[in-house]
Every structure is written in structure tokens, then in C-alpha cells.
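Here the protein sequences line up with chains A and B, keeping their order.
Residue numbers for the first sequence follow the numbering used here, beginning at 252 and rising by one.
Residue numbers for the second sequence follow the numbering used here, beginning at 252 and rising by one.
Some hints here could point you the wrong way.
Copies of the same chain are indistinguishable here, so a pair counts whether it falls within one copy or spans any two.
Stated by the list, open to error - Here are the simulated EDC-like pairs of lysine to aspartate or glutamate, each with C-alpha atoms no more than 16 Å apart in a straight line:
1. Lys277 to Asp341
2. Lys277 to Glu262
3. Lys379 to Glu402
4. Lys343 to Glu262
5. Lys379 to Glu447
Just so you know, these hints were derived from the structure itself, not from any lab.
Just so it is clear, the structure is predicted and the values come from calculations on it, not from any experiment.
2 protein chains.
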Amino acid sequence: MPNSFFPAPVENLIDQFARLPGVGRKTAQRLAFHIVGMSDEEAEAFAAAITAAKSRVTFCKTCLNLSAGDTCPICSSPTRDRSQICVVSDPKDVAAIERTSEYRGLYHVLHGVISPLNHVSPDDIHVKELVSRVSAGGVQEVILATDPDTEGEATALYIARLLRPFGVRVTRLAYGIPMGGHLEFTDELTLGRALEGRRDI
Amino acid sequence: MPNSFFPAPVENLIDQFARLPGVGRKTAQRLAFHIVGMSDEEAEAFAAAITAAKSRVTFCKTCLNLSAGDTCPICSSPTRDRSQICVVSDPKDVAAIERTSEYRGLYHVLHGVISPLNHVSPDDIHVKELVSRVSAGGVQEVILATDPDTEGEATALYIARLLRPFGVRVTRLAYGIPMGGHLEFTDELTLGRALEGRRDI
């Protein structure tokens with residue numbers, strides 16, 4: 252037995268787990284052993300869930316969010332406000348905003364941010380699709396909700412400039428001190444943003 | 252959309268991942284998205300690895316280690332010393348000892364330790380199988396390599412007592428200061444064990 256101390260199928264499963272992001276060799280081993288200890292039905296259900304998530308999930312043809320059909324539940328919902336589009340970089344951000352229950356408009360998922368360092372140009376993310384949605388009319392506001400880091404900011408600025416000719420309102424989320432946070436422990440960039448974005452009460 | 256912000260197959264996969272030990276909701280979400288972003292072949296390979304690890308792996312009928320066949324490679328190897336049996340609580344411990352390349356005997360995997368608090372009695376772990384291996388003859392030494400915690404110690408003592416009538420040598424791994432460790436930072440239990448187990452040089 253050279254390097255493999257477990258049966259080949261177990262070693263293979265450890266390899267598969269270890270390939271997942273943030274999963275090291277030790278964790279992969281622990282997860283693989285857990286699978287081996289599962290009942291047959293549980294393991295089957297897990298394997299089937301992977302296959303189903305891969306084969307049955309596509310992207311909504313309108314907003315590019317994850318969807319089980321051609322059009323996602325948000326885009327096809329009659330109760331959503333079609334005059335607002337919230338632009339995010341990732342489907343996870345849609346989930347984060349939906350959890351607030353504060354937003355009733357539509358989304359547009361870019362699937363990335365512009366990042367010259369990582370060779371991601373505007374053509375590599377779904378900016379074109381956003382422009383054609385706006386140019387089709389009916390949109391009054393585009394909310395740019397990319398992350399407040401260098402790349403997210405650059406992407407927001409780029410899109411804002413691109414949308415200027417269409418005369419729609421383009422907004423950006425408010426950035427400042429998080430609720431429950433303390434001035435004392437707030438970094439100077441955030442505090443600067445909070446000052447800049449101050450409002451009358 | 253009440254609580255699910257992702258298509259059902261994605262939510263289902265997140266649930267599956269979240270059921271794994273040490274995987275929280277956020278990590279499960281990250282892993283599920285990683286699967287969705289995989290190529291079809293990669294996802295298929297992952298699902299197949301789970302099914303294979305579950306369906307093709309059983310326990311060696313002799314030592315109860317994980318095995319792809321009836322008898323594990325260690326038990327069927329002609330080069331291993333059949334007069335030594337190293338008793339461990341878990342297949343992972345077999346891997347740990349094999350990595351040292353210091354041991355050429357056989358193993359016996361208990362699949363647990365005696366733990367009255369968790370309702371694990373001697374009948375729930377594979378002690379009986381060990382006794383019948385020893386009583387079958389040919390065994391000269393049984394090395395008890397359960398963890399040096401309360402339950403591991405109790406299990407080792409229990410097995411040692413059980414094996415006394417057979418007249419085999421029963422040993423326990425040495426416990427003391429780990430290599431590269433410092434006296435100063437060694438806890439008193441370990442240091443006590445190190446003193447107790449001191450050897451002539």
C-alpha cells in the first residue's frame with residue numbers, strides 16, 4: 252500500500268471532496284467517511300441532489316439568476332415591480348437581498364465583476380444583457396448593488412456610465428456603519444463613506 | 252417566494268451539504284454553488300464517487316477496516332506480521348498508523364469506544380470479533396491504540412482484562428510529550444504520563 256490507506260472508492264471520494272473550495276484534505280476525509288457511514292438511501296439522495304442541481308438548473312434568460320426553468324420565479328412573478336432592476340454580481344447576492352423583504356423589483360445577475368487583474372473584462376460579465384433590458388424600455392431605476400470593494404466600485408461606475416444615455420435613474424446602495432456597529436471599531440474607509448452619505452433626520 | 256431564494260434543486264443540494272458534519276448553512280451554500288458551476292462531467296464524477304464509495308465499500312471480514320472486497324489489502328498481504336494485532340477505534344486511525352511505516356502487523360477496528368454516557372456498551376463495538384481472532388491462535392501481541400482519553404483508556408483496560416486468559420502480550424502505545432514539543436507548554440496529564448513512562452537511555 253503506497254500512499255492510499257483506504258479502498259480506492261473512498262480515496263476517490265476524498266479527492267472529490269478535497270477539490271471543493273475551502274475543503275482541505277482532513278475535512279474531505281471526514282466528509283467521505285460520513286458518506287460511507289450513511290444509509291444507502293441517504294447516499295443515493297445526496298448523489299441524486301448533485302446530478303439534479305447540475306442538470307435541472309439553468310440561468311433565467313432575462314435576469315441570469317439561477318432558475319429551474321427558462322424564466323426564474325422573480326422575473327415571472329406578476330407582483331414584482333418591473334420598473335426597477337437591481338444589479339448584483341452573484342446569485343447569492345439575490346438571495347441576500349430577497350431575505351430583507353425590502354425589495355420588490357427585478358434583478359440582473361452579472362456573474363462576476365470587472366477585474367483587469369484577473370483578466371475579467373466587461374465582455375466577460377453580463378453587462379450587454381443589462382443594457383438591452385434597459386434599452387427595451389419600461390425601466391425607471393437601476394440599483395447597482397455590487398460589493399463596495401475596488402472591483403465592485405469600478406463595475407458600478409462602468410455600468411452607470413454605460414446607462415447614462417438611456418436617462419434612467421441609476422443608484423447605488425448606501426454604504427456606512429453596519430447596524431449594531433460601533434463608531435470606535437469602524438474602519439476609516441467605512442466611516443468616510445458614512446460621513447459622505449449622511450442624511451437629514 | 253417564502254424562504255427559498257434558489258431553485259428547488261439548488262435548495263435541495265444545499266440541504267444535503269448542510270447535513271454533513273461540520274458544514275454550516277453558509278458553507279453548504281458555497282459548496283452547492285460550486286457544484287452548479289462545475290462542468291457536467293465533473294458533477295457526474297462527484298455523484299458517481301458518492302454512489303461508488305457507498306455501494307462498493309464494505310468492511311473487511313477479518314479486521315473490520317474499510318475494504319473494497321471481503322478482505323482488506325492489509326489482511327490479505329503476505330508480507331504483514333500475523334502475530335501482531337493493533338486495535339484502533341476508527342479506520343482513520345489505521346491510516347494514521349500506516350503513514351508512519353513503522354508497523355507491519357495486522358489491525359482490528361472497533362468502530363467506536365466504550366462510552367456509558369453515549370450508551371455505547373462493549374457489545375456495540377467489535378470486541379467479540381477481536382476475542383475470537385485471538386482465541387483462534389497465532390497472535391502473540393495485541394497493541395491497544397485507542398485514544399488516550401477517558402473512553403479510549405477505559406476501552407483499552409476492558410479489552411486488556413478480556414484478553415488476559417489467552418496469555419498473549421497486551422501492550423498500549425506510549426503516551427508522552429509529542430516530538431518537537433516543549434516541557435513548559437505540556438499539560439500536566441501528558442507530563443505525568445511522560446514521567447511514568449520514562450525509559451533508560
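Going through the hints against the structure:
Proximity of Lys277 and Asp341 under a CA criterion of 16 Å is satisfied inter-copy only: 15 Å between copies versus 29 Å inside one chain copy. In the homo-oligomer, the alpha carbons of Lys277 and Glu262 lie at most 16 Å apart inside one protomer (12 Å), although the nearest pairing across protomers, at 26 Å, exceeds that limit. When the C-alpha separation of Lys379 and Glu402 is checked against a cutoff of 16 Å, the pair qualifies neither within a copy, at 18 Å, nor between copies, at 63 Å. In the homo-oligomer, the alpha carbons of Lys343 and Glu262 lie at most 16 Å apart only across protomers (12 Å), although the nearest pairing inside one protomer, at 32 Å, exceeds that limit.
In this assembly of identical chains, Lys379 and Glu447 lie within 16 Å of each other by CA distance neither inside one copy nor across copies; the values are 31 Å within and 74 Å between.
Going down the numbered hints, you'll see the structure goes against 3, 5, while the others check out.
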